[in-house]
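> Listed below are the residues making up each chain.
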Amino acid sequence: MSARDLFIQAIYLAASVLFILGLKSLSHPDKARLGMQQAAVGMVLAIVGTLFHHEIVRFDLVAVALILGSVIGYPLGMFVPMTAMPQRIAISHMFGALAATLVGVAEYRMHGAAIPRSTMAALGFEVLFGGLTVTGSFMAFGKLQELITGTPVTYRGQNAVNITLFGVAIVMFLSLIFNPGNATVFYGMIGLALLLGIFMVLPIGGADMPVVVSLLNSYAGLASSATGFVIENNVLIICGALDGASGFLLSILMSKAMNRSFGNVLFGAFGSPPAIAAGEKPKDLTVSSVSAEDAAMRMAYAGEVIVVPGYGMAVAQAQHVVRELADLLEKRGVTVKYAIHPVAGRMPGHMNVLLAEANVPYDRLYDMEQINSEFPQADVALVIGANDVVNPAARSDPSSPIYGMPILDVDRAKGVIVLKRSMNPGFAGIENALFYSPNTSMLFGDAKSSLTRLVSEVKAL
Amino acid sequence: MTPIGVVELYVFVLAAFVGYQVITRVPPLLHTPLMSATNAISGISLVGSLVLAGANRDSVSNWLGFIAVTAATINVVGGFLITDRMLKMFRRQPKLPPGGEIEKKGGGAGR
Numbered sequence: 001m002s003a004r005d006l007f008i009q010a011i012y013l014a015a016s017v018l019f020i021l022g023l024k025s026l027s028h029p030d031k032a033r034l035g036m037q038q039a040a041v042g043m044v045l046a047i048v049g050t051l052f053h054h055e056i057v058r059f060d061l062v063a064v065a066l067i068l069g070s071v072i073g074y075p076l077g078m079f080v081p082m083t084a085m086p087q088r089i090a091i092s093h094m095f096g097a098l099a100a101t102l103v104g105v106a107e108y109r110m111h112g113a114a115i116p117r118s119t120m121a122a123l124g125f126e127v128l129f130g131g132l133t134v135t136g137s138f139m140a141f142g143k144l145q146e147l148i149t150g151t152p153v154t155y156r157g158q159n160a161v162n163i164t165l166f167g168v169a170i171v172m173f174l175s176l177i178f179n180p181g182n183a184t185v186f187y188g189m190i191g192l193a194l195l196l197g198i199f200m201v202l203p204i205g206g207a208d209m210p211v212v213v214s215l216l217n218s219y220a221g222l223a224s225s226a227t228g229f230v231i232e233n234n235v236l237i238i239c240g241a242l243d244g245a246s247g248f249l250l251s252i253l254m255s256k257a258m259n260r261s262f263g264n265v266l267f268g269a270f271g272s273p274p275a276i277a278a279g280e281k282p283k284d285l286t287v288s289s290v291s292a293e294d295a296a297m298r299m300a301y302a303g304e305v306i307v308v309p310g311y312g313m314a315v316a317q318a319q320h321v322v323r324e325l326a327d328l329l330e331k332r333g334v335t336v337k338y339a340i341h342p343v344a345g346r347m348p349g350h351m352n353v354l355l356a357e358a359n360v361p362y363d364r365l366y367d368m369e370q371i372n373s374e375f376p377q378a379d380v381a382l383v384i385g386a387n388d389v390v391n392p393a394a395r396s397d398p399s400s401p402i403y404g405m406p407i408l409d410v411d412r413a414k415g416v417i418v419l420k421r422s423m424n425p426g427f428a429g430i431e432n433a434l435f436y437s438p439n440t441s442m443l444f445g446d447a448k449s450s451l452t453r454l455v456s457e458v459k460a461l
Numbered sequence: 462m463t464p465i466g467v468v469e470l471y472v473f474v475l476a477a478f479v480g481y482q483v484i485t486r487v488p489p490l491l492h493t494p495l496m497s498a499t500n501a502i503s504g505i506s507l508v509g510s511l512v513l514a515g516a517n518r519d520s521v522s523n524w525l526g527f528i529a530v531t532a533a534t535i536n537v538v539g540g541f542l543i544t545d546r547m548l549k550m551f552r553r554q555p556k557l558p559p560g561g562e563i564e565k566k567g568g569g570a571g572r
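Protein chains in written order, with my numbering: chain F, 1 to 461; chain L, 462 to 572.
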């Protein structure tokens, strides 16, 4: 190993350490920022070090690409609003996977039939997962950005088609390992992977997006790890493994929070439409609605209010008004806490980011396990645009499609106020008994305008 | 090209293990920044793309490399910036409320 290579390897090692420390710092919000800034330093080191690589003979293309990437990346980092974070994250998986796939294609073009079997296995894995993630992430982005419909697109035999395509891709992958020289099979496999990415995400609805986005995160990581195997670069293997492990772990957490099995996540079979019809509309029950004035009164004279935000809060961009209401209540001596379900919203941690943006201190945000025991003491649970994550059927009704899913025990609060646009059932199409409970009052309307009314009513008291 | 050695497998397995251990400790509070952070870090695929774009093998390779460098740079620049922007927003309560908090240990810099 030449002195130059040794120098580059040392820099890569330092970068790897800084990345791991950066991720470790995310275990505490107070230390996270500094840790990630150090990781960014590690990245700059790695990039600069790479420029010393002996194979790099021309710098014009490299410079233009680096500048172009920065020009596109800067606004994606600085100006994308927090409400658009799910689609922003989804599209970045596409960029990562695209880079990995293209490097894979270039390596194949260069070496072709001379590629050893073990390397071909890694390369096949790289372009298979890379290609799938490129189109899959783009589809997820399209759904979240509402460029295409967010409702599941299903047709007869969909699973059979997907499984067949996947099976064909695997066969092509295996045949490449034994016959790396067959370029038609190689490019055919990439085409199939791109197609699979589209088909895989088509049947998935909005509320399942946290799982999909995590899974694609994992795939993108695994693809870049495979790139590391192909080009014999340890820092790439390490970072891909970190990324893959993170996405994998988040997928598991998300699927647990939706009571879906582990295998269900791994093979992406979560798109199948839920068995509808459980819990048909209870006719004999009535819904009691409440005026903004009464709702404001009940909260203003409460001892403790627990706010339960859901995707409806994100859609209405109501997080700032929520904070305003909470401030007013706190001034009157009411304790206000926030209960965050792991899959509330469209990606892991969605609600936390929105509320943090609205300057809600993070020590007021509680996880499901932390807060569930507190609901019986709460005078009011204020549900803002959440539905399935507070549906008591998940606890009590074995025939319900969401039975077994851990929920926020909102129904155990002394009183519940639900902000909701209409009585339409939530994503899964399941009736929610919470809304018919004698304890529950419904305040109909757009979340933001309802909250604004509540704010002015509390002010008027 | 040389076949993949066992060392690379060691590196992969150990890194995945470290990753799993480290990331298990990230609270749900920071799961979104975690995703953007791992995205930014996975932009390290730049190290492969840069060599490809600069090696001047043929014009197709140059273009593949060019696009790969651009895509990876977007993730690096955008990823680290947005992670920082998000983490900046996570503040604790200026004055700690009296008692009863399920708190993580205090002592954080009250920004």
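Each hint should be verified, as a subset may be incorrect.
So the derived label-pair ranges between C-beta atoms look like this [said to hold, decoys possible]: (1) S2(F) with L475(L): 50 to 58 Å; (2) D519(L) with V315(F): 33 to 41 Å; (3) R332(F) with K549(L): 39 to 47 Å; (4) L475(L) with G303(F): 47 to 55 Å; (5) L21(F) with Y471(L): 19 to 27 Å; (6) H320(F) with D519(L): 33 to 41 Å.
Keep in mind the hints are simulated off the structure, nothing from the lab.
If you're wondering where the values come from, they're calculated on a predicted model, not measured in any experiment.
Note that beta-carbon positions come from the ideal geometry of N, C-alpha and C, so glycine has one too.
> Which numbered hints are broken by the structure, listed smallest first?
1, 2, 3 and 6
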